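Starting from the structure of chain A, add chain B where the hints point.
What follows is each chain in one-letter form.
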Amino acid sequence: MMRALPWICLAALAAAPLVGLGNYPLHMLIQVLLWGFVYTGWSIMGRLGLVSFGHGAFLGIGAYVVVMLWNAYGVSPWIGLPIALALTAVVAFVIGYPCFRFKIVGHYFALVTLALSEIARMLIVALRDHTGGSLGVTPKTALTESAYSLVALQFSSKLVWFYIVLAVWLGGLWVWKKMDRSMARLALEAISQEEDAAGSIGINVTRLKLGVTLISALMTCVGGALYAQYQAYVNPDSVAGIGISLQMVFGVIAGGMYVRLGPTVGAAFTLLLAESLRLMFGNSLHALDSTIYGLMLVLFIIFMPKGILGGALEAVKGKKAASPDVQRA
Amino acid sequence: MSIPAPKSSGGAMLRLEGVSAGYAGFQALFNVSLEVRPGESVAVIGPNGAGKTTLLRTVSKLIELSAGEILMEGRSLHAVPAHEVIALGIAQVPEGRRLFARLSVEENLKMGAFLPAARPRYTERLKFVYSLFPRLQERSSQIAGTLSGGEQQMCAIGRALMSGPKLLLLDEPSAGLAPVVVQSIFALVKRICAEGYTVLIVEQNIRQVLKVVDRAYLLETGRIKMDGPSAELLASDEIRKAYLGI
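So the protein sequences, as listed, match chains A and B. Residue numbers 1 to 329, in the numbering used here, belong to the letters of the first sequence in order. Residue numbers 1001 to 1246, in the numbering used here, belong to the letters of the second sequence in order.
Don't read these hints as lab results, they were simulated from the structure. In this text the structure is predicted, and so the values were computed from the model without any measurement. Check the hints yourself; a few may be wrong.
[Stated by the list, open to error] With a straight-line Cα cutoff of 30 Å, these simulated DSSO-like cross-link-like pairs (lysine-lysine) come out:
1. A:Lys178 with B:Lys1127
2. A:Lys177 with B:Lys1110
3. B:Lys1166 with A:Lys103
Next comes chain A alone, as it looks inside the complex:
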């Protein structure tokens, strides 16, 4: 019964739009799964002590490279995405290699990545002739004659997007599971706890960190590309820069980065928070959401360091047996 439960939930999730979920709830669900995937990608390195504030850059590369190639040269996203992934890999390597080789860890690593996400945002703004600057850009529509275009990765039906995003999200969870069961995960935890000792037992610290950074960055890039295609609009603030990078960190901490569904719960939480703030205050109070994020981040770190899901699972488990081991579930 307990084994079947995740599959039943998944089936229910997959069937939900078919039984007449409204357009708005469906939109929210797509957003949760999409951001859940991105947050999962972030956590793959974040949970191992590699706290990155630079994932906005990877998101931005995914979104902008695909859209710009399509708009300027008519290159299909199916070709644009591999190009974006290659560029992401190069950027991740250029940032990661020196950091890991010279043991830039903790706060210093976070600062380096913080700069990266801002550089990406400023580049997008500065290249306004090509990128549309801070006003953003819309992929040229391929939907003039038909309701969908596979070549342009554009679909007018939210249902199609739902299943695409669902599949990608499940892929993200699969990567997480693979990582979780691998020797590499133990090795990376060892690195995050005692880097020199990890080296002394034969772990190639630089290579493993680079590997996990690449996986995480590539996932984020895929998320950025899908986001741009789904929204059919991107601007520098929504996919690059410090704001979105912080939001990822906040979402993951809120949801819980040590359990597989934690990042997704975090995505749902941030989205609900943002939506309810928008409904309550409209767009009149501009920095209100950031202020509230900041405040809640502090509260989460102090009172619920394992996040909503991590904390809840621990409470449930704590009732069953007094084992304090949820962190590594």
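Below, chain B without anything else, positioned relative to chain A:
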């Protein structure tokens, strides 16, 4: 049950020749030469700040030499990166244990057998480590950070043994432990030597370590001042006056 440590043919297992090393703007070791022969247990003793830990860090390639050479079974460590030192059969127990505090005892031991070459013999070596330290078996699923100091030291030694090393480097195994625990740790070190492992141990607790090892080098302000069989050093006036307070 025991697994005899691999023996190699004659000559020194580890040899340091005229090693100088240090940190930016500060030289910690001056022209240090020493050797450890197969099956032998050797200590480097000396006061705080003599360069003992630096010496071990040069062998584990955590710092670079400014002069000299380190040879393991005749092979220079010059071009070997830190994470490949263990593949040559050198395992270290770092100062302050450096366990993976949030992993369980058994996961820590498992990490000791991280090298692909060490994994096939994992079960066998785990049994061996548990036979050396039954306490670790009792605590196998406990989070390592919650062990007592002595148990952590056992776990750190166990982790190092999991790779099946030829040479075990021990950095201040008695540091930060209660006196009664220190005694049991030295008893363990003696037992590991008796199992046939080659051991290089760095220690401030001179009286205790000299009772355990075959030979020792006295390191002072980065230079080797004396060396010889440990019984000889224990009896020497210089050591008795300066370090044993007799």
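Consistency of the hints with the structure:
1. A:Lys178 with B:Lys1127: holds, 28 Å
2. A:Lys177 with B:Lys1110: The hint holds at about 20 Å.
3. B:Lys1166 with A:Lys103: Holds, because 29 Å separates the two Cα atoms, which is no more than 30 Å.
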